[in-house]
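> What follows is the residue order along each chain.
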Amino acid sequence: DVKVTQSSRYLVKRTGEKVFLECVQDMDHENMFWYRQDPGLGLRLIYFSYDVKMKEKGDIPEGYSVSREKKERFSLILESASTNQTSMYLCASSPGNRNEQFFGPGTRLTVL
Amino acid sequence: GEDVEQSLFLSVREGDSSVINCTYTDSSSTYLYWYKQEPGAGLQLLTYIFSNMDMKQDQRLTVLLNKKDKHLSLRIADTQTGDSAIYFCAEGGGSYIPTFGRGTSLIVHP
Numbered sequence: 671d672v673k674v675t676q677s678s679r680y681l682v683k684r685t686g687e688k689v690f691l692e693c694v695q696d697m698d699h700e701n702m703f704w705y706r707q708d709p710g711l712g713l714r715l716i717y718f719s720y721d722v723k724m725k726e727k728g729d730i731p732e733g734y735s736v737s738r739e740k741k742e743r744f745s746l747i748l749e750s751a752s753t754n755q756t757s758m759y760l761c762a763s764s765p766g767n768r769n770e771q772f773f774g775p776g777t778r779l780t781v782l
Numbered sequence: 020g021e022d023v024e025q026s027l028f029l030s031v032r033e034g035d036s037s038v039i040n041c042t043y044t045d046s047s048s049t050y051l052y053w054y055k056q057e058p059g060a061g062l063q064l065l066t067y068i069f070s071n072m073d074m075k076q077d078q079r080l081t082v083l084l085n086k087k088d089k090h091l092s093l094r095i096a097d098t099q100t101g102d103s104a105i106y107f108c109a110e111g112g113g114s115y116i117p118t119f120g121r122g123t124s125l126i127v128h129p
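If you're matching them up, the sequences are chains A and B in order. In terms of the working numbering, the first sequence opens at residue 671 and continues consecutively. In terms of the working numbering, the second sequence opens at residue 20 and continues consecutively.
In case anyone wonders, no lab produced these hints; they're calculated from the structure. Just so it is clear, the structure is predicted and the values come from calculations on it, not from any experiment. Errors might be hidden in some of the hints.
If you want the ones that stay clear, here's a sample from chain A, every Cβ over 12 Å from chain B, calculated [claimed, not checked]:
hint : residue
1    : R684
2    : F690
3    : D698
4    : K723
Quick look at which bits of chain A chain B covers, simulated, 3 or more residues with Cβ under 8 Å [what the hints assert, rightly or not]:
hint : segment
5    : 708-722
6    : 763-777
List time: in silico DMTMM-like cross-link candidates among lysine to aspartate or glutamate, alpha-carbon distance up to 20 Å [as the list claims (entries may be wrong)]:
hint : chain 1 : residue 1 : chain 2 : residue 2
7    : B       : K89       : B       : D45
8    : A       : K673      : B       : E57
9    : A       : K723      : A       : E700
10   : A       : K727      : B       : D22
11   : A       : K725      : A       : D698
12   : B       : K89       : B       : D73
13   : B       : K55       : A       : D708
14   : B       : K89       : B       : E24
15   : B       : K55       : B       : D102
16   : B       : K87       : B       : E24
17   : A       : K740      : A       : E692
18   : B       : K86       : B       : D73
19   : B       : K55       : A       : E770
20   : B       : K55       : B       : E33
21   : B       : K75       : A       : E770
Where is the CB? At the ideal position from N, CA and C, for every residue including glycine.
Required output: the full structure, derived from the provided sequences and hints.
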């Protein structure tokens, strides 16, 4: 059974903290994605990666960075968390030649 | 640019049919997808249709595609309370990044 896992389901951090969100997929997919989901705004793409060590900015990259050192792992980093980064974060992966995405369960991040 | 539009809410009675509509703008779309998101969970691929098809049926789900009008619909027959969720329409064109709609919240009441 194909799987995308995220390191935490719920996370509470304080303003200014550095936050790491980890995502792992076991499908040998080339492409990985980080989205945030907010009520009424749908999914917004933060960053994506189409290969190891490669990364591309999505629609809302400000305040975030990413790391992809291994094919199966894609990390989202909030260098200095702010309250407006309170959101649901969703990781997804897809094979190189298809845009059908497989999603993790999400991490609900609260920044106080 | 590419855009996918869907209404935000739909309310139906248990046992009725639900129809969720979606319009898109990218005429090069190859696949069109429906995802389901249950409360507190990630998105799960429900079904998809290839752009050269008009209809696809899978048990209680029927997907209709009008390519001329760039209109996609998802019909759920005999809607149950377990169908309450957010349904996302997405279109996949030339790139490997699909464009998602904002999601339709389906509320099923007794």
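> Each hint should be assessed against the structure and marked as holding or not.
For each hint, the structure was consulted:
no. : hint            : verdict
1   : R684            : holds, 23 Å
2   : F690            : holds, 19 Å
3   : D698            : holds, 15 Å
4   : K723            : holds, 18 Å
5   : 708-722         : holds (count 7)
6   : 763-777         : holds (count 12)
7   : B:K89 x B:D45   : holds, 8 Å
8   : A:K673 x B:E57  : holds, 17 Å
9   : A:K723 x A:E700 : holds, 11 Å
10  : A:K727 x B:D22  : holds, 19 Å
11  : A:K725 x A:D698 : holds, 17 Å
12  : B:K89 x B:D73   : holds, 11 Å
13  : B:K55 x A:D708  : holds, 16 Å
14  : B:K89 x B:E24   : holds, 11 Å
15  : B:K55 x B:D102  : holds, 9 Å
16  : B:K87 x B:E24   : holds, 16 Å
17  : A:K740 x A:E692 : holds, 12 Å
18  : B:K86 x B:D73   : holds, 8 Å
19  : B:K55 x A:E770  : holds, 13 Å
20  : B:K55 x B:E33   : holds, 18 Å
21  : B:K75 x A:E770  : holds, 17 Å
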